[in-house]
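Peer 1: Position chain B against the provided structure of chain A, taking the given hints into account.
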Amino acid sequence: MRAGDELPPLEIPITRTLIVAGAIASRDYQDVHHDPELARQKGSPDIFMNILTTNGLVGRYITDHFGPRTVLRKVAIRLGAPNYPGDTMVLTGTIEALEDTTATVRIVGTNGIGNHVTGTVTFWMRDAE
Amino acid sequence: MGDDPDTPPPQPDSHHSAANLLTRLKAYEGRPAAVAGVGKDPVNLPMIRHWCEALGDTNPVYTGSDAVAPPTMLQAWTMGGLTGHTGRSSAYDELLALLDESGCTSVVATDCEQEYLRPLRPGDRVTFDTVIESVSGRKTTRLGTGHFVTTRTDVRVGETLVGTHRFRILKYAPAQRKKTPPRPSRPRPVVNRDNAGFWEGVEQHRLLIQRCTSCATLRFPWLPGCAHCGGPDWDTVEASGEGSVYSYVVMHHPPFPAFDPPYAVVLVELAEGVRMVSNVVGTPYDKVRIGMPVRLDFRTYDGDLTLPVFRAAADEAAAEEAPV
Chain A
1 MRAGDELPPL
11 EIPITRTLIV
21 AGAIASRDYQ
31 DVHHDPELAR
41 QKGSPDIFMN
51 ILTTNGLVGR
61 YITDHFGPRT
71 VLRKVAIRLG
81 APNYPGDTMV
91 LTGTIEALED
101 TTATVRIVGT
111 NGIGNHVTGT
121 VTFWMRDAE
Chain B
130 MGDDPDTPPP
140 QPDSHHSAAN
150 LLTRLKAYEG
160 RPAAVAGVGK
170 DPVNLPMIRH
180 WCEALGDTNP
190 VYTGSDAVAP
200 PTMLQAWTMG
210 GLTGHTGRSS
220 AYDELLALLD
230 ESGCTSVVAT
240 DCEQEYLRPL
250 RPGDRVTFDT
260 VIESVSGRKT
270 TRLGTGHFVT
280 TRTDVRVGET
290 LVGTHRFRIL
300 KYAPAQRKKT
310 PPRPSRPRPV
320 VNRDNAGFWE
330 GVEQHRLLIQ
340 RCTSCATLRF
350 PWLPGCAHCG
360 GPDWDTVEAS
370 GEGSVYSYVV
380 MHHPPFPAFD
390 PPYAVVLVEL
400 AEGVRMVSNV
410 VGTPYDKVRI
420 GMPVRLDFRT
430 YDGDLTLPVF
440 RAAADEAAAE
450 EAPV
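The listed protein sequences correspond, in order, to chains A and B.
The first sequence maps to residues 1 to 129 in our numbering.
The second sequence maps to residues 130 to 453 in our numbering.
I should point out that these hints are in silico values taken from the structure, not numbers from a laboratory.
A quick note: this is a predicted structure, and the numbers were derived from the prediction, not measured.
Built from N, CA and C at the ideal position, the CB exists for glycine as well.
Worth double-checking, as some hints may not be accurate.
[Unchecked claim] Subject to a maximum C-alpha distance of 35 Å in a straight line, what follows is the list of computed DSBU-like cross-link-like pairs (lysine-lysine): (1) K74(A) with K416(B); (2) K74(A) with K42(A); (3) K268(B) with K155(B); (4) K155(B) with K169(B); (5) K416(B) with K42(A); (6) K155(B) with K42(A); (7) K74(A) with K268(B); (8) K74(A) with K155(B); (9) K169(B) with K42(A).
[To be verified] Derived DEER-like restraints, expressed as beta-carbon distance ranges: (10) R106(A) with R428(B): 16 to 22 Å; (11) E332(B) with P9(A): 55 to 61 Å; (12) T118(A) with L211(B): 26 to 32 Å; (13) R295(B) with E99(A): 34 to 40 Å; (14) R16(A) with R335(B): 34 to 40 Å; (15) T118(A) with D433(B): 45 to 51 Å.
Just chain A, same shape as in the assembly:
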């Protein structure tokens, strides 16, 4: 692992089930994440993924790649284009910094309409036991 390395992309189909299941698993009952009618009344064309699910997927992207020894220290994300049903989000990552055992990966998640999420994940590796 060295700075500049790129992680293999992770494609996440944005299904209605993922959006709703993610919202409920994160205890987020805002109607725009499960009720298309009310989402439309608020100016959105459909329901869209909540930030907690995006945050969880970003964390999963890192731990999927680096394995169970990965210990997340910080996840900082900013949302842009919403994740609507039927879209696909492609997460990509670039190792930005490596200091001792701590790494920072810059992540970008793009969907059909733009950058859904940008941010950084900082983590370290637990020693193998």
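Peer 2: Okay, now just chain B, sitting in the frame of chain A:
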């Protein structure tokens, strides 16, 4: 606003009230949004499992007897869920209500920064304190215009700080749809048994005038009987299309949907002697004059509404070369 009798009533568009609103919003900075909030459930395996299933996360450290919770679940343990939280500080609700009043009724989360200091394990009971860190000035985004509200939450188990969580939302007034609304349609004619023949003629680009079969008086607009002799029977003659402006008015106000004032509404006297209300197209409203010769034309509006209109007879040659 209502406390000071000298304060003018709020005016949403005035600079004064915008500055006033911002001052009131800024007063919430540093105030607590939640004090000693308590997670509704202790950290537990079923909620962890649901999270992992929803997100497709198969990391083995989230299962088994030594399971820890996914760190990114930090906020989930503090959420009020379907029935909401009780015992929250009123400051956050007040702030959001103030933004609602200013028209910023929609909300979207935009930023999340979490730091994880130690893993959460089943059985841990989280408590949390949230402070309103900042309220931004009015910002215009693609979603709409509003204010960013940033909160910072410290999550503890017992006395131990286990994580911090900074969360930013945009509370905004939704932008108008980017699509310009379709232009309103022109009013539709009421077509009934008495005038259906007229509109059928217009569809075929023929301007038909009723003619009484008893006394041969022409009549327009179409009516069930002859105003001259009372005869009920009629046939039609097709207008030659020649005419002149008998009178006109220029509409400045009020504006009607589908019309752009000012425009001239003209009373055209046809060569046959009847008069009809129409427009002179292709001539500026202030160049329309009584007596100007006009000639019949047909125009289709809104894709399917054909109407008889007139154009200045002098323009006719040019119009034939370059149809509008």
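Peer 1: Now tell me if each hint is right for this structure.
Peer 2: Verification of the hints:
1. K74(A) with K416(B): Distance ~73 Å between K74(A) and K416(B) Cα, so the pair is violated.
2. K74(A) with K42(A): holds (32 Å)
3. K268(B) with K155(B): Distance ~14 Å between K268(B) and K155(B) Cα, so the pair holds.
4. K155(B) with K169(B): holds (31 Å)
5. K416(B) with K42(A): violated (48 Å)
6. K155(B) with K42(A): holds (26 Å)
7. K74(A) with K268(B): Distance ~28 Å between K74(A) and K268(B) Cα, so the pair holds.
8. K74(A) with K155(B): The given pair, whose Cα atoms are some 28 Å apart, holds under the 35 Å limit.
9. K169(B) with K42(A): It holds: about 29 Å lies between the C-alpha atoms, which stays within 35 Å.
10. R106(A) with R428(B): 16 to 22 Å: Taking Cβ atoms as reference, R106(A) and R428(B) lie about 59 Å apart, which means the hint is violated.
11. E332(B) with P9(A): 55 to 61 Å: holds (59 Å)
12. T118(A) with L211(B): 26 to 32 Å: This hint holds: roughly 31 Å between Cβ atoms.
13. R295(B) with E99(A): 34 to 40 Å: violated (22 Å)
14. R16(A) with R335(B): 34 to 40 Å: Roughly 56 Å apart at Cβ, these two residues miss the hinted range, so it is violated.
15. T118(A) with D433(B): 45 to 51 Å: holds (48 Å)
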